[in-house]
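Undergrad: Sequence:
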Amino acid sequence: MTQPTVTGPSFLALQVRDVEAAATFYESRLGLVRAPQSPPGAVVFATAPVAFAVRTPLPGTDLGSGRPGLGVALWMASTDTQGVHDRLEADGVEIVTPPFPGPFGLTFVFRDLDGYAVTIHDAA
43 MTQPTVTGPS FLALQVRDVE AAATFYESRL GLVRAPQSPP GAVVFATAPV
93 AFAVRTPLPG TDLGSGRPGL GVALWMASTD TQGVHDRLEA DGVEIVTPPF
143 PGPFGLTFVF RDLDGYAVTI HDAA
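Take 43 as the starting number for the sequence shown in our numbering and just add one per residue.
Don't read these hints as lab results, they were simulated from the structure.
Bear in mind that the values here come from a model prediction, so they are computed numbers and not experimental data.
From the three backbone atoms N, C-alpha and C, an ideal C-beta is built for every residue, glycine too.
Among the clues, some could well be false.
Pair ranges (Cβ atoms, derived) [unchecked claim]: (1) Ala84 / Glu136: 23 to 33 Å; (2) Leu116 / Thr47: 18 to 28 Å; (3) Gly134 / Thr49: 34 to 44 Å; (4) Ala165 / Arg59: 23 to 33 Å; (5) Pro46 / Ser70: 39 to 49 Å; (6) Ala119 / Thr47: 20 to 30 Å; (7) Trp117 / Thr47: 22 to 32 Å; (8) Leu54 / Gly108: 11 to 21 Å; (9) Val92 / Gly147: 11 to 21 Å; (10) Gly125 / Val48: 33 to 43 Å.
Starting from the given sequences, assemble the full structure and let the hints guide the process.
TA: Here is the structure:
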């Protein structure tokens, strides 16, 4: 009998305080596009290879109890990392780490509306 295996992430979601505000942020600041369908309480984006969403917090989740996402690294690929950085910076979004040459090309980190640190890097 063979051991079952996991092939990797298939869906990522951030629990946020205001789903519509977070969805608008990711649309307007990163250019993400909403998927045709989303479950109640969430907005799913048409991202690849893994779907990404923002959603209402699960019962018992207190987003005010500390830094959201502490200990989790969320990286997103971009075809124009410098352009995304410049747009976020111009819009007053907090840049945690300015652009630097990283293992996947130009890389930087910003903080979203809920305080999640999100890394943007060059697409392969």
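Undergrad: So, for every hint listed, does it hold in this structure?
TA: Taking the hints in turn, this is what the structure says about them:
| no. | hint | result |
| --- | --- | --- |
| 1 | Ala84 / Glu136: 23 to 33 Å | holds, 25 Å |
| 2 | Leu116 / Thr47: 18 to 28 Å | holds, 24 Å |
| 3 | Gly134 / Thr49: 34 to 44 Å | holds, 39 Å |
| 4 | Ala165 / Arg59: 23 to 33 Å | holds, 30 Å |
| 5 | Pro46 / Ser70: 39 to 49 Å | holds, 41 Å |
| 6 | Ala119 / Thr47: 20 to 30 Å | holds, 25 Å |
| 7 | Trp117 / Thr47: 22 to 32 Å | holds, 23 Å |
| 8 | Leu54 / Gly108: 11 to 21 Å | holds, 20 Å |
| 9 | Val92 / Gly147: 11 to 21 Å | holds, 19 Å |
| 10 | Gly125 / Val48: 33 to 43 Å | holds, 35 Å |
Taken one by one, the earlier hints all hold for this structure without exception.
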